[in-house]
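Based on the sequences and whatever the hints tell you, model everything.
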Amino acid sequence: MVEAMGQRRRLGVAAWTGGAIAALVLLVGAVSLVWTPHDPAVMDVANKLSGPSWSHPLGTDHFGRDTLSQLMVGARVSIAVSLVAVGLGVGLGVPLGLLAAARAGWIDEAVMRFNDLAFAFPALLTAVLITALLGPGAINAILAIGIFNIPVFARVARGAALALWTRPFIQAARLAGRGRTRISIEHILPNIAGALIVQGTIQFALAVLAEAGLSYLGLGSQPPEVSWGRMLNEAQTFLFLDPRLAILPGLAIVVTVLGLNLLGDGLRDRLDPRLEPRRGGR
Amino acid sequence: MVWFLAKRMVALALTLVAASLLVFAVLEVLPGDPALLILGVNAREDTLAALRESMGLDQPAYWRYLTWIGGLLSGHLADSLTYDVPVSELLAPRIAVSLPLALMALTLAVGLALPLGVLAAARRGRATDVAVMGASQLGVAVPNFWLGILLILLFAVTLRWLPSGGFPGWDAGVGPALAALVMPAVALALPQAAILARVTRSAVLEVLGEDYMRTARAKGLSRGEALWRHGLRNAMIPVVTIMGLQFSFLLAGTIIIENVFNLPGIGRLIFQAIGQRDIVVVRDLVVLLAATVGVVNFLVDLSYAILDPRLRHGAARRVHG
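Sequence lines, in order, name chains H and V.
Residue numbers for the first sequence follow our numbering, beginning at 57 and rising by one.
Residue numbers for the second sequence follow our numbering, beginning at 1375 and rising by one.
Honestly, I wouldn't trust all of these hints.
[As the list claims (entries may be wrong)] With a Cα cut of at most 25 angstroms, we get these calculated SDA-like pairs of lysine to any residue:
#1 V:K1381 <-> H:D172
#2 V:K1381 <-> H:K104
#3 H:K104 <-> V:L1524
[As the list claims (entries may be wrong)] If you want the footprint, here are the derived chain H segments under chain V, 3+ residues with CB under 8 angstroms:
#4 178–188
#5 266–272
The set of hints was computed from the structure by calculation and includes no laboratory data.
Yeah, the Cβ is synthetic: ideal placement off N, Cα and C, and Gly gets one too.
Here you go:
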């Protein structure tokens, strides 16, 4: 516990592997912006459900669309939705958590009760409810996933910040006459960044899973936009004809989530020397 | 302890009131007229008005909220907008699918995760530990609906051992009904088991380093005996906490898994009701699910007292912070 504070440990093999996988998925998604082997939306019914070939390395789907191109675009959609959703959680959750820690009393109580309420609904149910009510689509999927990220980040930020408020250097800043808001931004935030980055990586992985689930249900991004979840939904109809289509998008999801989780675990070992209190703090 | 549980019960009640208000408010501000939904766009204005009156839609919002809650508490649920029967009649046959499914999944997840987690902790750093943790890392990354599709591919399409989906009903006999629930339960359970195995492992590792474990070894117990008699019980508190959380994940997971396997359960009902804007069904189900989650978490708190006798004597704060 204490020895970790002084010496900085190196990132392990798992973290490097995870980082490399995540970077590769990011790269594939970025490349899909400018180039894919084929137009992922162009149908070629004569070539439908064809196996791997030189022209279609991973084959084609039931409309003859190129599977590799679709998977590449799927990576981009998955990353974009998850990134913005987690960003939403960080952008609203972290200030809430910092506020709760800085101003104990009724504000803290209010923020934490709001958190309890958010946790009373299973996240997937909330997400299905939101996307179904607002209408399906990428933007509403982002909103749905983002909303259940807010309490997560509020809780992590509050927990880590509460532990810091008792430390001498924060007390010193108080004595020097700094306001609570300024201390939160200048001293607390940089010191809880490690915990937030770790949580962010894990939430990113969960968001990729949630996006896939929503689009599997038909509530995510809509055609002609491609998504891994919907590819799986469509493939289920052709399970008897061509299992390949039901396997590849799933593998893409697993590899992405595995990479992010490995990276998150590795970063936790490196960045999070148990700064957090056991729970709560008061 | 009594004081602590009373406080938790009040908190549970308040959470449910807040949740029901939230659901009611959200569905209230949504565009869409239930009467128009039932009668169609060609309905005459006076027929619409008459239906609105009979459904109580002409009453002020606070009154409709109170009527709804009063109905929920007395067990008189309103009629579904699309099925034209009380929601309670819709619920019963679907709970008979979803509840066994969730319980099977939970049993499977716990039955797999606890032994594997303890085993991994006991053999920390050795091949068993690495294998269990590797499998768990993979399990966390697999979406349950994809696992469901893979299971269908293997056991229904290739081996033809199990049905690929649908539910014959309990009338068809326990065997066929359970056979229809096996794959969905496994698909729900494995990702949860992966998480639970990791939590169990780290909880047991934490306990292994405690002073009382050294004392137990010093008085002559073997490693296994010490773990079994003194360690496990103490390691169970974080494990039970996660199990409580997982039950709500399992419930929500039924929304997607019941779609994969075409099961007529609660998850599919809520999914369809949302799609059909059947707000009567949606709000009842959401509150029902929130209540279930709340009650399960309450039971988790109760189980702390069983696991840790100190908590029965008012020392609850030490664990709950």
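- Item | Unsatisfied constraints (hint numbers, rising) | 2
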